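Visitor: Quick one: dock chain against chain with the hints and give me the complex.
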Amino acid sequence: MDFTDDAILLSARPHGETAALAVLLTRDHGRHAGLVHGGQGSRMRAVLEPGNRVAAHWRARLAEQLGTWTLELERATGAGLLDDPVRLAALSSCCALLDAILPEREPHPEVFAATLALFDALDSDVWAEIYVRWEVGLLEVAGFGLDLSRCAATGQIPAANDQLAFVSPRTGRAVSLSASEPFRDKLLPLPPFLVGRSDGGPEEVSAGLDLTGHFLERHVFALRHTEVPPARTRFVDRYRKTHTTSGTNPA
Amino acid sequence: MIGPEIDRLIQLLAKLPGLGPRSARRAALHLIKRRDTVMEPLAAAMAAAAASIRTCATCGNLDTTSPCHVCLDGGRDRSTICVVEEVGDLWALERTHAFKGVYHVLGGTLSALEGVGPDDLNIPTLLERASRPEVKEVILALNATVGGQTTAHYLSDRLAPCGVAVSRLAHGVPVGGELDYLDDGTLTAALRARRAL
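Each protein sequence line maps, in turn, to chains A and B.
Adding 20 to a residue's 1-based position in the first sequence gives its number in this note's numbering.
Adding 3 to a residue's 1-based position in the second sequence gives its number in this note's numbering.
In short, the hints are calculated from the structure, not lab data.
Bear in mind that the values here come from a model prediction, so they are computed numbers and not experimental data.
For glycine and all other residues, C-beta sits at the position ideal for the given N, C-alpha and C.
Treat the hints with caution; some may be incorrect.
Stated by the list, open to error - Stretch-level coverage of chain A by chain B, calculated; a stretch enters the list once three of its residues show a Cβ under 8 Å from a Cβ in chain B:
{"hint": "1", "stretch": "98-105"}
{"hint": "2", "stretch": "143-155"}
As the list claims (entries may be wrong) - Computed spacing ranges between beta-carbons, pair by pair:
{"hint": "3", "chain 1": "A", "residue 1": "R79", "chain 2": "B", "residue 2": "D183", "range": "51 to 59 Å"}
{"hint": "4", "chain 1": "B", "residue 1": "P127", "chain 2": "A", "residue 2": "A242", "range": "52 to 60 Å"}
{"hint": "5", "chain 1": "A", "residue 1": "H263", "chain 2": "B", "residue 2": "G166", "range": "20 to 28 Å"}
{"hint": "6", "chain 1": "A", "residue 1": "P222", "chain 2": "B", "residue 2": "S82", "range": "32 to 40 Å"}
{"hint": "7", "chain 1": "A", "residue 1": "D143", "chain 2": "B", "residue 2": "D183", "range": "19 to 27 Å"}
So here's chain B without its partners, still in its complex pose (with noise of 0.2 Å):
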């Protein structure tokens, strides 16, 4: 009924997170009605962006470049290495525009469900940047999770020898948050984190 080419488009449309096979055919359809103006200028950026990317030698992040453009950023604090678990939770932190040093992908937690330990992560070369004399710091910004925190705890007895200051993300009470409506973890959280004002 339709030609392999097109099939095959929904087929891998419909790998897309999200997207079904009813709702890829939908997709493809509007592609190809529209495809000067949509779909060729997506496949272009699709295949330039397939070419282009890589992993940052030195940070794990996905970019264009290697070293990434958060590395080679000359205005970037390089005392301060902020670790976290996914790129996309570099790309949350981004948003805040709230830090300012350098950052440093693990590419996962400890999980022994999902059989991954520390030799999956990317932890050598975070101990090997830590131990450069200008870092002062290291900002553990791990999930609020059993895992994430046992993966911080790990990170900080391997950090010690670095002789590196190490510091957690809080949890708690988050902003516009009302007590009523939190759940009892965020809460027992917030209560043992408590500052004085």
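Bound conformation, chain A alone (with noise of 0.2 Å):
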């Protein structure tokens, strides 16, 4: 059993004295584990760094087995971001989150395109409101998808002089301004960027983070019985403490 695909480095850990276990998030077979041989060795150390994108090839007598990796290194991520604490939170929490949510071995391309697009965007201005959308989607291939395109109060696209304001925190539905104004103490601030209201901005970048933070602490850490990542909950405070006027939590 082998083969060759493009990958994404997700977390590597010293195995037995020279060998190091690394998981990958590869483009066409998901996330999935081996054993690389020298992996802790000076010329292998600086490619198992999370983040790094990698031409992987998997081998193993059988495909239930772990089997072993051979990597080549296409693009250090990572080292362009040693500078910068934010961006390199983010890229920390990105990988941490894949691999705590993502099933092993299932094919999930768009999550592969997705990640690569965000990394990509690291060096534009715009890197926080596509980490937000990022995590949408993760949520989303974890079973937990929002629905941002419809009222869920009244089933209806709001008017023009309405509009998609909260989200209901119990099943992750839209609630428009004016069916909000019951039970608006209850719900969930939408940040308008998210459904095209606006650019965005480290307000709404907080309160994105505040948004995408309550579904995948209740809805899909909860159900692991496992907490959010420590590198998730470092980058939101990071960058609520460089980008944010108050440097708390907005909501």
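Guide: See the structure below:
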């Protein structure tokens, strides 16, 4: 059994004296683990960094075995971000979430493409908005997609003088401004950029991180009896500290 | 076939880095053949080291005294603290003879995968040391990895209230390195960290 695929390195941990156990997100084979011989050596250590894009070849005698990776570095994503704490934290958060959420060996080429797009966008000015959209997409893959197409209370697409402004914390469906009146304090604010009504901005990104964080915590990780990866928590804290005026949760 | 003492010796030697059962047997045989000249002095040295080695309460270094010899050295510049991940990194920097300040061993880096959080690292004593009036600079000599630099940025935030200058080691082309043979990541970091001549 063997295959060759494009991949993103999600995590690597030492295995034995010289090898490493690497988990990759491959384009056509999903999240896939394998052993990297010499993974603790000086030559391979630089390759086994989270976020790195690699050309990967997996080989095993039987499909159900752990197998071994042969990896060739194509792009060192993290190397260009080492001096930027917020973007570096976003990269770590992205890899940690993928590693924790995606099932093993289940192909998700759309997640692979979206993640590459996110990595490319990390150099741009709108990277944080793209990061929030990426988390919304990840929630959908995890089975908890948000429905931001129409108002959950009225079932209608809001008129021009109304707008989708909140999300139900229970169902993940949007609620319009007029329909939200009786229970507004129980709803989560919907950042306008997620429904194409603005270009975003730090306060909207922060609200977006709250929104996705709620569903990640309550619906994805709570069901697995685990907590949101500390890498995401650190990223959100750091983003708020450096980008929002209050430096704290605006919600 | 062999006595339990020799068998146990082989089993323990096989736990050392780089030694498997076969090489452990060869090492045990080597020790047994040279009992007077190698085995007994080695056993005595290991027993003495095991009895006397301790972790320095000040910096986290391993030495036979606490505070360690680096912390006790009166000729050291106490205004500069160099933060390293492990004791091996401290030894590597000491081999260069390029740093005359004092050290602080963190004991690892932040790692979500291995469950290492800020509470698992030797950070409170670093903050306490950095708050002392004589300290002017903290050098974060952590690995140029995502984990190492994430930890460096975290420490930079925590050290901000201490009022000390915080710096980190440069990333880039190693001495004797040829550009053609460098990996993309090192070249990218080198380009971003370029400086005027």
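Visitor: Would you mind marking each hint as holding or not holding in the structure?
Guide: Against the structure, the hints:
Coverage of a stretch by a chain is defined here by at least three residues with a beta carbon nearer than 8 Å to that chain's beta carbons; for the stretch 98-105 of chain A and chain B the count is 6, and the condition holds. Judged by the Cβ-Cβ criterion of 8 Å, the stretch 143-155 of chain A is not covered by chain B as claimed, because only 0 of its residues qualify and three are needed. The given range of 51 to 59 Å is broken by R79 of chain A and D183 of chain B, whose C-beta atoms sit roughly 30 Å from each other. A C-beta distance of roughly 31 Å is found between P127 of chain B and A242 of chain A, which places it outside the suggested range of 52 to 60 Å.
Checked against the given bound of 20 to 28 Å, the beta carbons of H263 of chain A and G166 of chain B, roughly 25 Å apart, stay inside it. For P222 of chain A and S82 of chain B, the Cβ-Cβ distance of about 38 Å falls inside the hinted range of 32 to 40 Å, so the restraint holds. Our hint of 19 to 27 Å for D143 of chain A and D183 of chain B holds, since their Cβ atoms are close to 25 Å apart.
Hint compliance for this structure: hints 2, 3, 4 are not met, and every other hint is.
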